[in-house]
Structures are given as C-alpha cells and as structure tokens.
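**Student:** Based on the sequences and whatever the hints tell you, model everything.
Read off the chains here:
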Amino acid sequence: MDWDACPQVSEGIEINTVSDGYIVYQPQRDRVHYLNQTAVLLLELCDGKTRAGDLAELVKSAFALSAPPTSEVSECLAKLFEEGLVH
Amino acid sequence: VPGQALRGGPRPLSGDRSIRLLACRIDISVDCERLAACLDQLLPRVEQRYPVSRQHHLVVRRDGDAYRISEDGIERWAESDPLSAAYAVGARVHALALAALPDFTKVHAGCASWDGRRLLAVGPPESGKTTLMARLAYDGFEVHGDELVLVQDGEALPYPRRFGIRGTTLALIPGLAEGRGEHVGPLVTDPRQLGFQWVIDRQPIAAVFYLVPNHDGRTYLEPCPKHLMAQRVMSQSTAPETGTQQWIRDVCDMLERALSYTLRIGNLDEAVAMLKETLQLTPKLADRPPTETA
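Read top to bottom, the protein sequences are chains B and E.
Per our numbering: the first sequence = residues 1 to 87.
Per our numbering: the second sequence = residues 1 to 294.
Just so you know, the hints here were simulated from the structure itself, not pulled from any lab data.
Note that the coordinates shown come from a computational prediction; the quantities given were computed from them, not determined experimentally.
Check the hints yourself; a few may be wrong.
Stated by the list, open to error - Some but not every residue of chain B turned toward chain E, in silico, with C-beta under 8 Å:
id: 1; residue: Ile13
id: 2; residue: Glu14
id: 3; residue: Ser19
id: 4; residue: Asp20
id: 5; residue: Tyr22
id: 6; residue: Tyr25
id: 7; residue: Asp30
id: 8; residue: Leu35
We treat Cβ as the ideally placed atom computed from N, Cα and C, and that holds for glycine.
**Tutor:** In structure tokens form, the structure reads like this:
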C-alpha cells in the first residue's frame, strides 16, 4: 500500500444508497458490491486529494473512536483497490 | 379413449375458460374433461387489482394419442396424457403472465398484510415461506402469496399462484390439519379455498423478513442491516429486463421504506407474535382503491 497516494473512486460505478450502506454496481465487470458504513466512509474519502495514510485518522474522528483503526482501514482499502472501486 | 374421439372428427372444445394473471388474460379451450379438471386445480382464481394489457389463447386438442397444444393459433408442442398436458399448459400460462411484466424484479418471497401493513418474507426454497404464510392466514393476516413477489419502484405486487403445502408441515398449521386425518401428500390450495380473502394488489412494503429455518427450535427476530438485506434479497431474486441497475434500484427503494429483520423461524406461535409486534411499529398503508375482480 502506498500511503502517500491519494486514491480516487473509479469512474463509471453506480452508487445506490440504503440507510446503513451503499450498493455499488460496476457495469464494466457486471459486479455488485455491498458496502457497510465504514466502507462507505472510506469510499467517500477517496476523492483524489486525501492521502491514504490520513484515512485511518479521519475514520477515527468520524466514528469517535479511541484510536485510529489502521489495520481495518488498510484491509478495507486493499479490498476497494482489489475490486476496482478505487484506483 | 383418444381413438374414439376421432371417429366423428375432432371433439368440440367444450372446456372453455378464461384465466387472469395480473397483466395477462389467457383464454384456454380444451376438448378433454379430465384435462380441464386438472387445470382448474392448478390455476388460481383470485381477486386482482391490476390492469390487463395482454391477451393470449391456448387450445388443447386430442389427436390420437397426443394432446396438441397451440398458442395464439400456432401449434407449439404435444403431450402424451391429460395430466402432462395440464401441467404444460399451467406452466405456459405462468410463463406468459410473467413475460407480460418484464420490468419487475422477481423476488422469492411470501407476502401478507396485517392491520393495513404489508410484509415480505424472503427466503430460499424450504426456508419456511409457505408454512409461515399458511399459518399467518389462520392468525388474522391477509395472505397474498407464498413464493413470488414482483417489485418495482419500492412497491410489491404478489404473484398469484396456488400454494403447495407439504404433508409434513400440515400439522404445524392447526386449522389446516383439522379434518385431514393421516393426509401425508402435498396439499394444493389457496387462501380463498381455505375460506379467507385472497386479493392481489400493488402496495409498499412495511417490513422485510429474511427467513432462516430453525426447525423444532424457538423463533428469534434480529434487526438486519439494510445493505446486508439488499445482498440477501438480490440473492433470492432475478433482474428485470431493464437490467441490473434497475434491479438494484428496485431492491434499494423497497428496503429504504421498510424495516429489515432476520427471522430465525422455529416455533410458529412466537413467529406470528413477533411479526404482529414488528408491523405495529410501521404506519398503515393508505386506503385501497375500488375492487376490480378477476
């Protein structure tokens, strides 16, 4: 993981919202992804301007956590990259 | 005997009937009383509030040892006995009815209303949908369907189909088991035949329950996150012809308006009480439009 990179949401995906998550459709791969609130927040933070290394701290603030959830964020971000939802 | 029927030329088509299934009206003409009786057992007669937009005509004629089936004037296929012909016609009738509504997402679910609130019970085969729906009918719910619900723009349109209740589950529904003695085979019936109202109309859903069987155990109700319920409903549904994007929108729109729960279904008394309690948390549906009877 390049923590200095600024990940960005991939183009062409369609985001549908439910009250506690996103249902994301990738037409290019004809795949559907079901994102919980943490994954939704990460996806929204992938705006091409925010460093990957800052994401855990931002998640900590958003959910009022006692410590940055570094490993969880790393795992979730890796999954978003792997699935092509961010680049 | 089929041969005898041919001696004086083709038998007259005496068994004319018209069946309505949502947007489709299908006229069926048959020249065999046994086949006609089988069809009457298979096809539902239900009050429906949905406009008819398509019409078809199926004809079954005995021809020697064959039962030739034509659709809208074109011979399609043949069966060797009246029962097979009845099942083939029944299957075709449902296929035509569903083909008339291509823009709906089709969800494997039972559907019932209680005190003006409608629920969807989603689940894979043998998760208990039919048993639960039959039991709800005897507990004051208005049951609409046990297997298939069409969803569009956040609303649900139950698909009218007769219920096939397994012999082994009859004992779980006291009202249904009474008077049937040692009946062990499946029972094909519907709410109307059981003495209840059976109405099909399009309404929003107040609550969605995903059924997980807990046979012989207690029943548990747990809130289910909507993004997880979306995944479950998608796994038990098929896309409209308009495509995957509309499929996802249909499911999300429905869930956004509804409560979402996992029902680990064991004891049916507990299940009924939990469903009533949950539905009471939701607002009543608006008053229904005037009836249009099939």
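**Student:** For every hint, state whether the structure bears it out.
**Tutor:** Cross-check of the supplied hints:
Given the 8 Å rule on beta carbons, the hint for Ile13(B) is violated: about 11 Å separates it from the nearest Cβ of chain E. The interface hint given for Glu14(B) is met, as the beta carbon of that residue sits about 6 Å from the closest beta carbon of chain E, less than 8 Å. Hint status for Ser19(B): holds, given a least beta-carbon distance of 6 Å to chain E, under 8 Å. Given hint, Asp20(B) at the interface with chain E, holds; its Cβ is 5 Å from that chain's nearest Cβ, closer than 8 Å.
Restraint check, Tyr22(B) versus chain E: the minimum CB separation of about 7 Å is within 8 Å; hint holds. Look at Tyr25(B): its Cβ gets to within about 5 Å of chain E, closer than 8 Å, so that hint holds up. Restraint check, Asp30(B) versus chain E: the minimum CB separation of about 7 Å is within 8 Å; hint holds. Taking 8 Å as the C-beta contact cut-off toward chain E, the hint placing Leu35(B) at the interface holds, the least distance being around 6 Å.
When the structure is compared with the earlier hints, a violation turns up for hint 1 alone.
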